[in-house]
Amino acid sequence: MNTVQPSLDFDALKEVQGVMGADFPLLVESFFNDSVNLLIVMQKSIDESDVESLRQAAHSFKGSAGNMSAITLAALCQDLEGLAFSGTTVGGGQLITQIVAEYKQVKAALEDI
Amino acid sequence: METPVLVSELSVADGLSVSTAKILIADDSNTDRLLLKTILIKQGHEVVVASDGHEAIEVFREARPDVVLLDALMPKMDGFEAAEKIRQLAGEVFVPIIFLTSLQSTDSLVRCLDAGGDDFLPKPYNSVILQAKLTAFIRMAEMHRTMQSQRDLIVAHNDRLLREQEIAKRVFDKVAHSGCLDADNIQYSLSPIAIFNGDVALAGVSPSGNLMVLLGDFTGHGLDAAIGAMPLAQTFYSMLEKGFSLQDILREINEKLHDILPIDVFCCAVVADIDFNNSVMQVWNGGLPDCVLYRALDSTVIPLKSQHIPFGIRDSDSFDDSVDTFEIQVDDRLFLWSDGIHEATNSDSEMFGEERLFGVFEENTKPEQLFDEINEALADFLSDKTISDDVSIVEVRAVSPGDFRTSQSGFIGSKQAGPRDWTLKYELRPETLSNFDPLPMLLHILIQVPYLRNFGGQIFTVLTELYTNALEHGVLQLDSSLKDSPVGFDEYYQLREQRLLQLQEGAIEIQFHYKGTDNGGNLKIIIEDSGDGFDYKQFDGDLHNNVRYSGRGINLLRSICDSIEYSGRGNIVRASFLWGDSQ
Amino acid sequence: MSVSSSLSADEKELRISIEGRFDFSSHSEFRKAYEDLDARVDSYIVDMSGASYLDSSALGMLLLLRDYAGGDDSNICIADCNDDIKKILAISNFEQLFTIK
Chain H
447 MNTVQPSLDF DALKEVQGVM GADFPLLVES FFNDSVNLLI VMQKSIDESD VESLRQAAHS
507 FKGSAGNMSA ITLAALCQDL EGLAFSGTTV GGGQLITQIV AEYKQVKAAL EDI
Chain R
70 METPVLVSEL SVADGLSVST AKILIADDSN TDRLLLKTIL IKQGHEVVVA SDGHEAIEVF
130 REARPDVVLL DALMPKMDGF EAAEKIRQLA GEVFVPIIFL TSLQSTDSLV RCLDAGGDDF
190 LPKPYNSVIL QAKLTAFIRM AEMHRTMQSQ RDLIVAHNDR LLREQEIAKR VFDKVAHSGC
250 LDADNIQYSL SPIAIFNGDV ALAGVSPSGN LMVLLGDFTG HGLDAAIGAM PLAQTFYSML
310 EKGFSLQDIL REINEKLHDI LPIDVFCCAV VADIDFNNSV MQVWNGGLPD CVLYRALDST
370 VIPLKSQHIP FGIRDSDSFD DSVDTFEIQV DDRLFLWSDG IHEATNSDSE MFGEERLFGV
430 FEENTKPEQL FDEINEALAD FLSDKTISDD VSIVEVRAVS PGDFRTSQSG FIGSKQAGPR
490 DWTLKYELRP ETLSNFDPLP MLLHILIQVP YLRNFGGQIF TVLTELYTNA LEHGVLQLDS
550 SLKDSPVGFD EYYQLREQRL LQLQEGAIEI QFHYKGTDNG GNLKIIIEDS GDGFDYKQFD
610 GDLHNNVRYS GRGINLLRSI CDSIEYSGRG NIVRASFLWG DSQ
Chain G
427 MSVSSSLSAD EKELRISIEG RFDFSSHSEF RKAYEDLDAR VDSYIVDMSG ASYLDSSALG
487 MLLLLRDYAG GDDSNICIAD CNDDIKKILA ISNFEQLFTI K
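Protein chains in written order, with our numbering: chain H, 447 to 559; chain R, 70 to 652; chain G, 427 to 527.
Only true hints are included.
In the DSBU-like style, the derived pairs of lysine-lysine whose C-alpha atoms are separated by at most 35 Å in a straight line are:
1) R:K311 to R:K552
2) H:K550 to R:K106
3) R:K552 to R:K435
4) R:K111 to H:K550
5) R:K374 to G:K512
6) G:K513 to R:K238
7) R:K243 to R:K325
Some but not every residue of chain G turned toward chain R, in silico, with C-beta under 7 Å:
8) S482
9) S483
10) G486
11) L489
12) L490
13) D493
14) I517
15) S518
16) N519
17) Q522
In short, the hints are calculated from the structure, not lab data. Glycine included, each C-beta is placed from N, C-alpha and C at the ideal position.
Generate the whole structure from the sequences, applying the supplied hints.
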């Protein structure tokens, strides 16, 4: 668990805020919804050893996390995507645990804004 | 079907011009899509969205965006597959496809390119990079569109040009081939698109049975070159048909081309008028390289030199219609060519040239093969190349009048039609005699009787023969025996020219008496000259070898007319034609 | 090929010099040589000493110059032609239209 490093790149996030303007809360809400869905898909993929499904979900989560300036979360998703890309889901459970914890921090930070 | 939205130019406040477009975003991530859409709308673009590959294709089909941004990994159909489909749908239109990806392996990036992607846009998005890429691609698409519309325009123009050329060629062929290039004694090689190289070959028969051949070479290529060919051919054939003399035809062609053509376009040409009955050929060459008269008797080659400025350059007043006159015999051959054969160039950039051309004549042993040998020599010289499109050659062999046959049109007119009972009297005085040929006009009057058109050629022959005799022997006092030797032959025509120019007195009177019935008719031609005449009684019943005729003429007349009679002091001649129930 | 031109000191005579092949590609350059001229010249010299070849469109260009210079009243000399060019001019009997030296 990583609680020391900042979960968000605030400089980058400011830019996103600038672009979105009044619609920023919409973007955050959309990110939360996407994330919940993707976390469920990722967990299910590991339970069923579905490598392709895991890869897609991790890839997608990596992308949106990156766009939300959640760099640590994006890096963890990339690790999971890499694992799936190498053809296995073994060890994915541990990464999911880390991802869930990091996501909670990101969520909290975004809700604070 | 919605028209594709074209790229438009939006002027922004700071004066910079920013290209905007309709952009399709296909991404399954709502977050990423929302962010990207917002960025693009802020930048002034119109945005349409899809959340998977299938939807992307549907939206593309309906909205026809200018640029497509595709997420590589999407459910249902991934970006790679969608890209290929979109390329197919776009067809010839260039629609930039940019992959939205955080893929990192080179393999994946290569797949994006293979699928038809033009670029990548990494996540997280950077609006500056995004704008730079979009601007570049929108410009590229714009250029592509411009290029394509210009290409389409060129293709359309070219198609139209070819179609017009085809039509022009067909129309021209109709006119040009109304002649007798296909006669047995004529051979020619002419490119099927010769008219667009500026080359024109014409051949026709005059009412008196003369064969007139013209080979012309207009300056320039394409339409420039073709533009004068039509009036040239029409003038040539219509005047020839009406019986105008070579000189009149030359003048008219020159004047017509001078009027029509731009100053820098003209027509080099050689025109030959071959009178098989009198074994005389007259040639006018304006601007073509030496053509050739090949003598069958001793295999000599007589060059027919260009003595004149080409057609279309000088106005009527300064046009020179003087011709060279040659005596010809059966099997003499006339070769006409444009400079295309001289300038035919082989792969060593050497030209065929005059020397090689005349060399063929030196080495020839069988005159009937000359035409083929010239073509073979040229083909050998060009070896690896096919014979150039610019080469035009015409060969005319002299034949005896009896062997010269052309397909004349069938019987025309009913015997009853037209003027039926009339007389014409026409007197020509010195000034007229020296510079006017009355025969075409007279023939024109005669063929107002439709029935007479069927005999136009024969009547014209008789008229020409009688008029020429009245003029040359009666008025000009020329001695036909001069024509017996080649030297005298030239002298004869020189004298004729001279005396015509200086003519001060004398006259010729021509009378026609025509009477038609329901089933026949008769025409009398009476020609009286002011000359001394001759003692026709001495030749009673035997007009051969008399002073007025050098043999051929009288036989011809006898074979055509029902009677020929002399009266007065031998200066009046009557020829009559009878047909149908008048016989 | 190239076309150059120069005015005589008294501005009465224009010398147009042709280098290389004189054919359709010289069309606009040749016209410019005499049309873009402020002075009114009495006579023209077309200097062929550097010309290697001349085709029928070049003959057309000479006719355009002749027309520009007054047609029958023009005073144009075509000078220093090589044998090939002389022959081409002779076949077309251009000596009746131009002075050929």
